[in-house]
Amino acid sequence: MLLTHEKLLRILCHVWSEKSSTKYSPENPARGQCGVTALVVNDLFGGEILKTPLPEGWHFYNRIHGQVYDFTASQFKEEIKYEDILSSRDEAFADTNEQQYHYLKHSIISRVRDSD
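Terminal number for the sequence shown in full-length UniProt numbering: 116, no gaps in between.
Because the hints were derived from the structure by calculation, they are not lab data. A few of these clues could be false.
In silico DSS-like links for lysine-lysine, alpha-carbon gap of 25 Å or less [stated by the list, open to error]:
#1 K19 x K77
#2 K81 x K19
#3 K81 x K23
#4 K7 x K105
#5 K19 x K105
#6 K23 x K105
#7 K19 x K7
#8 K23 x K7
#9 K77 x K7
Here the structure is a predicted model, which means the values were calculated and not measured.
Using the sequences and the accompanying hints, generate a full structural model.
Written out as C-alpha cells, the structure is:
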C-alpha cells in the first residue's frame, strides 16, 4: 500500500494519544504532537525537519521533496507564520521522548500493515 500524506494524516488523527504527547486531549488531538510527528514523518518520507518560533515555543514540521507539510497545524487557532528554519532530529527529540516516539511510529506502521 502506498502511504500518501492524506492517508498518513487520517492515521495520525486515530493514533495520537496521551501515549504520544502528554499535552494530548480528545478536543485537540494534534496538541503537543509536533516534535514526535515530525520525527516519524522524517523516518517514513525522508526530507528535512523544519521549525518556526511560536509563543508556546518551537513548532516542528517537515519539508519533503521541496513541499512543506505540517501535520499538526490544526492544534493552533491562529494562523502560523512559517519561517522554515532548518532543524534537526536532536532538536525535535527535545520535544518528545523515546517512549512517545516508539509508540507513534509503531502505531502508524501497524495501521498501514492492517490496511494492506
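Tested hints:
1. A hinted pair counts as satisfied when its Cα atoms are at most 25 Å apart, and K19 with K77 qualifies at roughly 23 Å.
2. In summary, the hint linking K81 to K19 is not supported, as the alpha carbons are separated by about 29 Å, beyond the 25 Å threshold.
3. Note on K81 and K23: the hinted pairing holds, with a Cα-Cα distance of about 22 Å set against a maximum of 25 Å.
4. For the given pair, K7 sits about 15 Å from K105 by alpha-carbon distance, which is consistent with the 25 Å threshold.
5. Between K19 and K105 the alpha-carbon distance is near 11 Å, which keeps this suggested pair within the 25 Å criterion.
6. Distance check on the hinted pair: K23 and K105 sit about 18 Å apart at the alpha-carbon level, within 25 Å; holds.
7. Pair hint K19 plus K7 holds up; C-alpha atoms about 21 Å apart against a cutoff of 25 Å.
8. Between K23 and K7 the CA atoms are separated by roughly 24 Å; this keeps the pair inside 25 Å, and the hint holds.
9. Proximity of K77 to K7 is assessed by CA-CA distance (about 23 Å); at most 25 Å being required, the pair is judged to hold.
Checked against the numbered hints above, the structure breaks only hint 2 and satisfies the rest.
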